[in-house]
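S.K.: Please put together the full structure from these sequences, using the hints given.
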Amino acid sequence: MAVVHFDAVQKIYPNGFEAVKPASFHIEDGEFVVLVGPSGCGKSTMLRMIAGLEDISDGVLQIGGRVVNDIDPADRDIAMVFQNYALYPHMSVRNNIGYGLKNRAVPRDVIAAKVEEAAKMLNLSDYLDRKPSQLSGGQRQRVAMGRAIVRDPALFLFDEPLSNLDAKLRNQMRIEIKALQRRLGVTSVYVTHDQVEAMTMADRIIVMNGGVIEQIGTPAEIYKTPASTFVASFMGAPPMNLLQVTREGAGLRLADQVLNIAAADIDETVTLGIRPEDIVPDPNGSLSIHVDIIEELGAHRLLHGRLEEQSITVHVPKDHDVTTGMSRFSMPLNAVSLFDAKSGRRLS
Amino acid sequence: MTATQKPRKRIRFSTVMDHIVLTLGALFMLVPMLMVFQLSTVPDAEIIQRGPSLNIGDQLDDNFVKAMFEASGFSGENTGVSMLINSFILGIGFAVGKIILGMMAAYAIVYFRLRFATLAFWAIFTTLLLPLEVRILPSYEIVQSLGMLNTYQGLIIPLIASATATFFFRQFFLSVPEELVAAARIDGAGPVKFFIDILVPLSRTMIAAMFIIMFVYGWNQYLWPTMITTEEDMYTLVRGIKQIIQVFEGTNLPEYGRGNLLALIAVIPPVLIVVFFQSWFVKGLTESDK
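Chains A and B, in that order, are what the protein sequence lines are.
Start counting the first sequence at 32; every next residue gets the next number (the working numbering).
Start counting the second sequence at 3; every next residue gets the next number (the working numbering).
Hints were generated in silico from the structure; no laboratory data involved.
Heads up, some of the hints might be wrong.
Claimed, not checked - The calculated EDC-like cross-link candidates involving lysine to aspartate or glutamate, where the alpha carbons are at most 20 angstroms apart (straight line), are:
no., chain 1, residue 1, chain 2, residue 2
1, B, Lys195, A, Glu147
2, B, Lys195, A, Asp103
3, A, Lys162, B, Asp199
4, A, Lys133, B, Asp199
5, A, Lys162, B, Glu234
M.R.: Following this line, the structure appears as structure tokens:
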């Protein structure tokens, strides 16, 4: 159990590419932090720097109050679960789980007991003598988890552990991992590109883009008050609607209406963000949207349409009748986010 | 063909052709062996008189005893058995040496940040252009000045540096997933442990494949043993057979039967090795067990 402290940690590759721009943040003891972002955003590099698999170019990284910049991965008191499981194919499940302990010269009977215990926790007791190739994807991922648990580390690192599993298994493993982390109370850093995993599992989410941390916050904060248009469009499915509005008098003009939002200190054009579920069907509403496509999702429906020339998505409950063509909607002004049109940053 | 019709088993022309070609190929390989066998069963005089024939003689036992246990040459130390042992030492030493050296060189090139790793690799690769025959004089000079003539070290060591093995293992190591390396590092496996615990077991099919190729290659060495071994107790089979047939003493006939049988015996170990390791060999070259 440990806190992790980043102080201006930076990664520059020898070819000059800056994979991670100086990042400073803090991970609390026992916290489950998810690093999320599109491919190439630097989230995996960040994780690999914590693991010690990648050198830190500049800055200071502390795990449990100890500066680990120059400490070998094996001595950082961490355990890592990989995307492709990274099990040793020639070893039985038992030896796979126990290998890390064996290398640390733990007595044999202690290893055996710990492996049994971890296997029990993960429902792997019947598979201990099998080879990884005889296991299903979910079981392999469990073995990888077992290998992490058995070491009793201060910090768990997960590198997209669920992306090779099918959708159903992924949902199940998501819950298992979260429950396990709760039970063991080990500080965890989890990397994913899947915003659903990020939202459901995290205590706090770190959203990254292009080597920069866009926002750090709880899932609710990130969802409700995204710090930039990038976060707004990346987190949430479907993403937040981003509409161009222009300033008019004291308010903002959106299509044919002027919104009464105090906008004294902002530029001529602003990006307005509104979540699809915050737009509600309302015969007397002021937004007239031309609905082109209705997506039936069972529990609810998604309407894809246009507000004048800007595309917009609306989320309506299943018992609400909808047809394609012009419909009227309204949106509460307190659900609106405003972003600088140029920089994409949130305007308070 | 509709779905209700049962596919009929028809003999197709191309299948027949395939079998003809394969049968001819097999005969092409086997007939010389059968001839050698036939020649080792008849008395030497008959070989001189009549040459190869279809007649299977009764000399096989005699020739076998002579081939395996009777000494030839001057020192009386190179019996078939001693030559067989020397050949095994050369073949196995050669194969094992090449595999160990090749694996370790490939390990260094692939997994360590060496300054000139690529250059080193291509330098090793270039040595494929310099087979033993090209560098035989300097190699001999070195072995001679190290006093390793007529020793097993002298036979084996100059031959074991192998670009082929290094290249094969390099390609294999490059295909080992990077995550596995990372996992082992986090599990606390240092370079030596990683090599022994992870890489060697993962490469076992590759090792088997290399062993077959290299054993046969080493077993069949002729020129180098001829240069290095002048004492008869160091002769290998391939080198020694020639000696038997060459000896003309007065009116004695060359011992064809004995020589032919020894040639046949010399073929057996490589064949057995290939048969025994065959499935590993195919696995090693085609699939990677990762």
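S.K.: Any hints from earlier that this structure breaks? Give me their numbers in increasing order, please.
M.R.: 1 and 5
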